[in-house]
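*Asks:* So the sequence lines, in the order shown, correspond to chains X and D.
To convert, note that position 177 of the first sequence is 177 in the numbering used here; the numbers rise steadily by one, no gaps.
To convert, note that position 239 of the second sequence is 239 in the numbering used here; the numbers rise steadily by one, no gaps.
Worth flagging that the hints you see were computed from the coordinates, not collected in a lab.
Small disclaimer: the values here were computed from a predicted structure and weren't measured.
Some clues are possibly wrong.
[Stated by the list, open to error] Under the rule of at most 25 angstroms between Cα atoms (straight-line distance), these lysine-lysine pairs were calculated in the BS3-like manner:
#	chain 1	residue 1	chain 2	residue 2
1	X	K202	D	K4
2	D	K7	D	K97
3	D	K126	X	K99
4	D	K191	D	K270
5	X	K99	D	K7
6	X	K99	D	K262
7	D	K184	D	K97
8	D	K126	X	K48
9	X	K153	X	K48
10	X	K99	D	K11
11	X	K202	D	K184
12	D	K11	X	K202
13	D	K7	X	K202
14	X	K6	D	K97
[What the hints assert, rightly or not] One side only, chain X facing chain D, incomplete, derived with CB under 10 angstroms:
#	residue
15	K99
16	L142
17	Q221
Virtual Cβ for every residue (Gly too), placed ideally from N, Cα, C.
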Amino acid sequence: MKNKAKNVVNYIIFAGITTMVFLTVVIIPFLYGVYLTLTDWNGIEATKKYVGIRNYISILNDSTFLYSFTLTLKYVFFSVLFINLIAFLLAYLLTSGIKGQNVFRIALFTPNLIGGIVLGFIWQFIFNNTLPYIGQKIGLGLISNSWLASPQKAFWALVIVTVWQYSGYMMMIYIAGLVGIPQDIIEASTIDGAGQLTRITKIILPLLAPSFTVSVFLSLQRSFMVYDLNLALTKGGPFRSTELVSMHVYSEAFLSQNYGIGQAKAIILFITVAIITSIQVYLSKKAEVEA
Amino acid sequence: MSKKVYKDYIKFFTVLLISLLYILPFIAVIINSFKTTNDIMANPLSLPTKFSVSNYVKAAEKMTYLRGFLNTLIITFFSIGGIVVFSAMTAYLFVRKKWKLNRLVFSLMIASMIIPFQAIMIPLVKIYGTLNLLNNMWTLIYMYWGFGAAFAVFMYHGFIKGIPYELEEAAYVEGATEFQTFWKVVFPLLKPVTTTIVILDGLWIWNDFLLPSLILISAEKRTLQLSTFYFYGTYTADYGLAMAALILTITPIIIVYLILQKNIINGILKGAIK
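Build the full structure now, drawing on both the sequences and the hints.
*Replies:* Structure representation (structure tokens):
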């Protein structure tokens, strides 16, 4: 019995605060959030009515949400694709022993250290002022008007800045993977007469599978959740045409005061990301084993 | 042989070109931060005609830079301090005592790591708003403890598992309590993980925008990211000032990066690969 009491005291000393903050900041709000999606609460009135799954059904008919959701999927697809392509290319070049590779690595990694708000504003200036100026000077129609003023081009502007922001980070993950490949395997393949392309596709890529798993997972997660960059670069505009899901949830809850519906949309986002990343991790782990 | 040299040149210039593209936006902002708004409008590519820091002085004053900097520093410092101390102790208990409760809380923490912040923010604001705890730096710090706990406990847990128990046993023989043993014997050994956590959480909290924007309402409590955001919104037309403000905001991080680049890159990699 005395032992039991001692255990309780030990738990409180060592894990008491962590347990309390974890429960009150993460678990309780999350569970309460799930409950909120079943109500019609507007954030102001004290009373809220239980409405069952009506919020979820109304979301399925909400064309702004469906637009934002589809746009996010498209944005995630292109961002993840280009982040990883460029990151791999850079990592490959920067492990081939060229001059100054450390300086290049450090430079390319820099955008990743800066918050999305500042990055968004920097590029807003580039897209609104610098590029149109160059475009008008040299007569290049593609950039002579601000990309952020057109819904189509503003979307690509977002993708470009996202790729710029994260490819340096993912490059580091690929570099760590490439450095870990035993040099004798590469040499053996060269002696066997493998060309550069065969070497990349048959030997380096399969051995690099774990790096792909990590890097695709991280880029998926980050691009699904993007908010700061979206806010600073396009503010969702022009005319809500580049409002990605996070920003949509934010405006539904905090600007339109539809807390129940906003939270239901957040839960849908959560489930989508959980499913997509689990499938990705499952598939890439399988590929790792086969490789 | 010369074919290889030739190839290396192509590789070198490809990388050089891409790196320049990566760095150009920063250079454009730096150059324009020394120019007047009229000069920027006339030609955003021209070099400043005379060197003047007046944009910086004005921007720092209008965005209450020093205030924002101190607020961010305090919030980041206490958030990280709490995360490190509480999570290390928790992980230690979870590794050394295989109680049911410990396993339950630990699994809950691991599971919670897939919940994105966006799925918590609405009820979070509602609950802490009802309790009248918003617009308070300590509430924000408290929340960072909560959001940082799962990952930090997970990292420490993995590391402590590899520490041989014999080291602690020696301390117990000498009559030390568990609390003393942890701080004297175990915590110093955790330095590599602590470094990783300090770097990862430091970057996250220093650069975070969404959570502080929901919690901190009054202007004098704003972090650097918040004051940059509001400042830029108000002075979008005054490009010279806006550019100087952006440079002011990123300077502290860049300085730290230049000093600690190896540690920062390693820390981020370790966090990613887990």
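*Asks:* A separate judgement is required for each hint: does it hold in the structure or not?
*Replies:* Do the hints match the structure? See the list:
1. K202(X) to K4(D): Roughly 22 angstroms separates the two Cα atoms, so the pair holds.
2. K7(D) to K97(D): Violated, because 58 angstroms separates the two Cα atoms, which is more than 25 angstroms.
3. K126(D) to K99(X): violated, 55 angstroms
4. K191(D) to K270(D): This hinted pair holds, its Cα atoms lying about 14 angstroms apart.
5. K99(X) to K7(D): holds, 13 angstroms
6. K99(X) to K262(D): OK: K99(X) and K262(D) at ~19 angstroms, within 25 angstroms.
7. K184(D) to K97(D): Roughly 19 angstroms separates the two Cα atoms, so the pair holds.
8. K126(D) to K48(X): holds, 13 angstroms
9. K153(X) to K48(X): violated, 42 angstroms
10. K99(X) to K11(D): holds, 10 angstroms
11. K202(X) to K184(D): violated, 51 angstroms
12. K11(D) to K202(X): Within the cut-off at roughly 22 angstroms; holds.
13. K7(D) to K202(X): holds, 21 angstroms
14. K6(X) to K97(D): holds, 13 angstroms
15. K99: holds, 6 angstroms
16. L142: violated, 16 angstroms
17. Q221: holds, 8 angstroms
Violation of the numbered hints given earlier is confined to hints 2, 3, 9, 11 and 16; the remaining hints are satisfied by the structure.
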